[in-house]
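Once you've looked at the hints, dock chain U against the given chain D.
From first to last, the protein sequence lines are chains D and U.
Residues in the first sequence are numbered from 1 upward in steps of one, following full-length UniProt numbering.
Residues in the second sequence are numbered from 1 upward in steps of one, following full-length UniProt numbering.
If you're looking for bench data, these hints aren't it; they were derived computationally from the structure.
Below are the SDA-like pairs computed for lysine to any residue, each with C-alpha atoms no more than 20 angstroms apart in a straight line:
#, chain 1, residue 1, chain 2, residue 2
1, D, K253, U, E312
2, D, K109, D, N71
3, D, K253, U, A309
4, U, K253, D, A309
5, D, K253, U, S235
6, D, K253, U, V222
7, U, K342, U, Q405
8, U, K253, D, E312
9, D, K253, U, P230
10, D, K343, D, A3
To spell it out: a stretch of chain U is covered by chain D in this simulated footprint if at least three of its residues, at any positions, have a beta carbon under 8 angstroms from a beta carbon of chain D; those stretches are:
#, stretch
11, 193 to 206
12, 216 to 230
Each residue gets a CB set at the ideal place from its N, CA and C atoms; glycine is no exception.
Protein chains: 2
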Amino acid sequence: MIAVDAPRLLGRIRELGAVGRDDENRLTRLAASDADKQGRDLLVGWLRQAGLDVAIDRVGNIFGIWQSPENAGQAPLLIGSHIDTVIDAGIYDGCYGVLAGLEVIETLKASGFSPSRPIAVAAFTNEEGVRYTPDMMGSLVHAGGIGVGTVLAAVGTDGSVLGQELARIGYAGDEEPGFLRPHAYLELHIEQGPVLEREGVPIGAVENLQGISWQRVTIDGVANHAGTTPMSMRSDAGHAAARVITFLRDRAKGSNAPTVATVGSIRFEPNAINVIPSRAVFTIDLRDPDERRLRVEEAALASYLGQLAAAENVTVSVERLARFEPVLFDIRIVERIEAAAKKRGLGARRMTSGAGHDAQMMARIAPAAMIFVPSAGGISHNPREHTEDAELVAGANILLDVVTQLAG
Amino acid sequence: MIAVDAPRLLGRIRELGAVGRDDENRLTRLAASDADKQGRDLLVGWLRQAGLDVAIDRVGNIFGIWQSPENAGQAPLLIGSHIDTVIDAGIYDGCYGVLAGLEVIETLKASGFSPSRPIAVAAFTNEEGVRYTPDMMGSLVHAGGIGVGTVLAAVGTDGSVLGQELARIGYAGDEEPGFLRPHAYLELHIEQGPVLEREGVPIGAVENLQGISWQRVTIDGVANHAGTTPMSMRSDAGHAAARVITFLRDRAKGSNAPTVATVGSIRFEPNAINVIPSRAVFTIDLRDPDERRLRVEEAALASYLGQLAAAENVTVSVERLARFEPVLFDIRIVERIEAAAKKRGLGARRMTSGAGHDAQMMARIAPAAMIFVPSAGGISHNPREHTEDAELVAGANILLDVVTQLAG
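In isolation and in its complexed conformation, chain D is listed as follows:
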C-alpha cells in the first residue's frame, strides 16, 4: 500500500504557516493581500516543482493540473481547498487540504500510477470572506453561483477592490472561472469541531453540510425605571430576549436531532443598569443537515415569538440575514472514504459539516465529498488550532486511496 511522504507534507504545512506572520507572530493571510501573494507564490513554486501545469483564473483561483496526452480529454478529478486565512489564524484550516492534494498527486506520480483522467489540485480565492464578501468566493464563482465581474468589484473592509488587488499581486489570471469542469471533487479538512476528538475516531466521512438559517430579532418593549415599575407592569425587551434564548436552547437540547441553535450577539437599549430595556436586538444561528427539519425549527421559533409578543407585551420583528439549504454530498464517494479508512485499519464515522467549505459550492457542479480529521478541542480560527501529525498523515493517505480509486 503506497503512502504519502509525511515529512514533505508536514514540512510544507509548517512552511506555508510561517508566511504572513506579524511582529507578534500572529498569522494573517487575508485574500489578495501581500501575505496572500507570498503564500500563493510558495504554493505555485511547489506545483511547478511537482511538474504540474499551473492555471490561474480571473478570480485568482489557482489550479495545479497533472495530465497526460492519454487522459487530457477526460474530466479531471479535482482536490481543493484554500490558503487564505482569518486574522490571527491557525496553520491547518484550508492549507492542509491544498497541500495534501498536492502531496497525493506527487505520491501518485512517483509511484508510477497512470490515472484514467487528469488529477488537479485547487486553491480557491477568499474562502474565509474576512476581507471581501461573500465567503467561499472563488469556488462559488467557479460553480457559476455568482458572476466574476461582481466579485472583482467587491470592496473590502479596508476599502480595497478585489480585482485591483488581484492584479496588483499578480494573480488576476486569464482562465475563465469554471474552465475546469471536474469529474468529482474531494476536500480534506480539519473538522473545526470537537466530535472526532471526543469519540477518538481519526476519519470523518462527511456526508452532508448543515443548512444555515440566520435571523436578527428585534424586540421592542418600554423603557421604564427599574425601581418604580412593578414586575406586573413591565414590558421588558431584555427579559423577552432571554426567553427566546432559553427556548432555543431547551428545544435544541431536548431533541434527538442534530439541530444546533446559537444566540451569539445581543444588544440592549438603553443598556443602563437602572432602566428596563426598551429594545433588545439579537441574532439567531440555526443549523440542521435536513432541510425539512430546519424549516420545522424556523416555524417553531416563529410561533414562539408570536406567543411571546402577546404574553410579554412586546413587539417582535424578524429580519432574515442568510439562508442556505443543506448540502448533500455524494454517497458513493462517502462510502469509498469509509471503505478506505477500514482498509487502513482506521475508524471512521459519517458526519455533518457544521462549517461552510468550498466543497459545498463544488457539489453544485460535480459529485463531491469531504474527509475530516480531528481538531484538538474543536478549536479553529485561532492560533491554538491543532491536529496531530499522525492524524494529518492518516487523512492524506485516505485522500490518496480515494483519489486512486476515482482516477484508476
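This is chain U only, laid out in the frame that chain D set:
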C-alpha cells in the same frame, strides 16, 4: 381651608422648565453648568421676592428661610428637592418639590399664619448625579454622609471639577453644609412610576424607600463554532446569562413581595452571530423596601449562580456595584399625609419609593417623609414626563396642610 396659588405655582414650573433648552428644545440643566446657574438665579430671585432669607452652603445647596424673631431659635421645618436635571429631561422631577415648597411658604405668609418654627425650602445640588458622582450629593453632604472637600474635588464626566464650577457660576456659598438642622423634612415629588395613575389615586404617602442592590455578573464559558459544536458540548456564557434573567423574572413575578429585579445592561464576547459567547457581562438591579427580604433575594441569586456554574459548565463571578439599605420614613408624618388627603377628599395610598431622593439622605438626620403625585405612564427622565395641573396643585395643597400642622 386655604390653598396654594395654582397659577403662580404652575407658571413657575413652566418658567423654570424653559431654562436650559438647546436648539432642539431639549431641557438639560446639569449640576453647576451655565444652565443650572440660570435656573438657580431664577429660583433665588423668587425666594427673595417672597421675602425669604437666602443662604447658600459650600456645596451650593440653596436655602430660602422664612423666620421671625419669635421662632428663630427653633429648628426649622425643611421642604426640599432639587432643580438640576438629567439630559433631555422633563420639567417636573425635583423642580416641582422645590417650587411647591416656596409656594407653600408664600401661601402661609400671605394667610397670616404664624409658624412656631422657621420654615425653609431647599434646592440640593446635583441630585441627578449625571455630571458628578455620587447622586443625591447635596443632601448627602448636608446629612454628613460625605465630606464637603471630597465632593468639591469631584471630577465630572466633562473633566470639570465641581468646586471650580460652583465658584464659576457664583454658587460656592459660605455656609457650612449641615448648618440648618431640620426639625423635620418633607419632599413632594412626582412618582416616576405607574402605580398612582394605574390605581387612580391622586396622593401617595411614601412610607419607605427601597433598598438597592446592584451587582455586575460575569459569566465565562468557551467560544466555539456555532455550526460544529453539538449542543451537549457547549459552554455557552450567553445562554447562562439568559437563564439568570429568566430566573430573576420568574422569582420576582411569582412572589407576593414588592421585590423588583432588572437586568438592564448586557454584553457578549466575542458578540458574533456564528460564535458561541465565551463571555457574558450583565448587571442586576434588585430592590426591596425590606432589608431582610432584600438579603433573601441576594442569597437566592447567589445560590442560583452557583448551581448554574455547575450545570452549564461556566464560571461565574460577581462584583458588587452599590448597596443601599431601605429607608424608613417617619410613620407619624406619613399618617398626617394620609389624614390631610382624606380631609380634602382625595384618595391616598401608602407606597414605597422605587427611586432615590434627597429625602433618603435627610431621613438620616430628621424625621422625614415624601408625598407623591401621579406620573402619566410612569414616565420620568424624559421630555414626556407629565403630571396633570390639577394633580400638581392637589399635591401642593397636601404639602401645605402637613407643613401647617408641623409648624403650627
